[in-house]
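**Q** Start counting the sequence shown at 1; every next residue gets the next number (the UniProt record's numbering).
Hints are computed from structural coordinates only; laboratory data are not their basis.
30 Å max Cα-Cα, derived DSS-like pairs, lysine-lysine:
hint : residue 1 : residue 2
1    : 185       : 172
2    : 5         : 45
3    : 172       : 116
4    : 36        : 116
5    : 32        : 83
6    : 116       : 233
7    : 26        : 45
8    : 116       : 183
9    : 185       : 218
10   : 81        : 26
11   : 5         : 83
12   : 218       : 183
13   : 32        : 81
14   : 83        : 36
15   : 36        : 49
16   : 57        : 5
17   : 218       : 233
18   : 49        : 26
19   : 57        : 36
20   : 172       : 183
21   : 81        : 132
22   : 132       : 116
23   : 132       : 5
Label-pair restraints from in silico Cβ distances:
hint : residue 1 : residue 2 : range
24   : 119       : 143       : 25 to 35 Å
25   : 73        : 154       : 29 to 39 Å
26   : 140       : 211       : 38 to 48 Å
27   : 211       : 170       : 31 to 41 Å
28   : 50        : 254       : 51 to 61 Å
29   : 204       : 142       : 43 to 53 Å
30   : 124       : 73        : 16 to 26 Å
31   : 102       : 52        : 26 to 36 Å
32   : 73        : 168       : 24 to 34 Å
Glycine included, C-beta positions come from ideal geometry on N, C-alpha and C.
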Amino acid sequence: FNIFKNTNCVVFSDQENHASIIDGIKLSGLEKVIYKHLDIADLEKRLEKYPNQNIPKIIISDSVFSTNGDVVDIGQLVSLKHKYNATLILDVSHSFGIENYSNYQGVDILTSSLSKACGAYGGVILSSNDVKDMLINHGRPLIYSSSLPIYNLYFIKRNIEKLINADDRRTKLNSLSKYFNQKLKALNVNYNSSNSPIKFIEFDDIEAAENIHQTLLKHHVFTSYLRYPTVTKPMLRISLSYFHTEQDIDRLFEILHQED
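With these hints in hand, go ahead and build the complete structure from the sequences.
**A** Structure follows, in structure tokens:
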């Protein structure tokens, strides 16, 4: 966002976007408009308030949201982008390597961390040559950052080559995600039924979430324990990977049922 700093650009950001997106908008000093999470109608209502075609508009969203695994409808965002002459930026940090890139047609700028599926340091921006030139010449954080070490670049290159040819792994991960969702239905808890590999189980109070988190740790099951102000209600986040099995998922739910 730093390259848009001295413009009258307005940024439309999903309510649940990652903290790094929120901080980037804040540091740029640009006018921001927050729309309800995944609420396309609310986004359009807010876009309608800026009919002036001379005011640049940016719509930005995560593709997969890091806390709850929600998946954005990219097609609807692309439609609004065209309708209101906006630039669409999609952060794919939590879907990099697991989604089909044909899903991103119509997106102007893709950004991603390389620390998730790629397992490395750094990040990547996919854009037009014009945007690339703007970043190189006017992106202050980029200009005054050191280059990545050569061994890290080699590691990234090798892992991207593996990801390109990892359809079998993506198929297995998708199957595990569906299996996990089937298991969730048997628990009397609030959960997300999306097919992303990021899952969550929500609790009404901190003590219940803390107790189950500690119990799972004792059984060598690691989950991320999230609480306010990161989230409105305490939750456990479970991140599935290709290396998990259905037996691992069964074991997790055996423990959860014992604590229910």
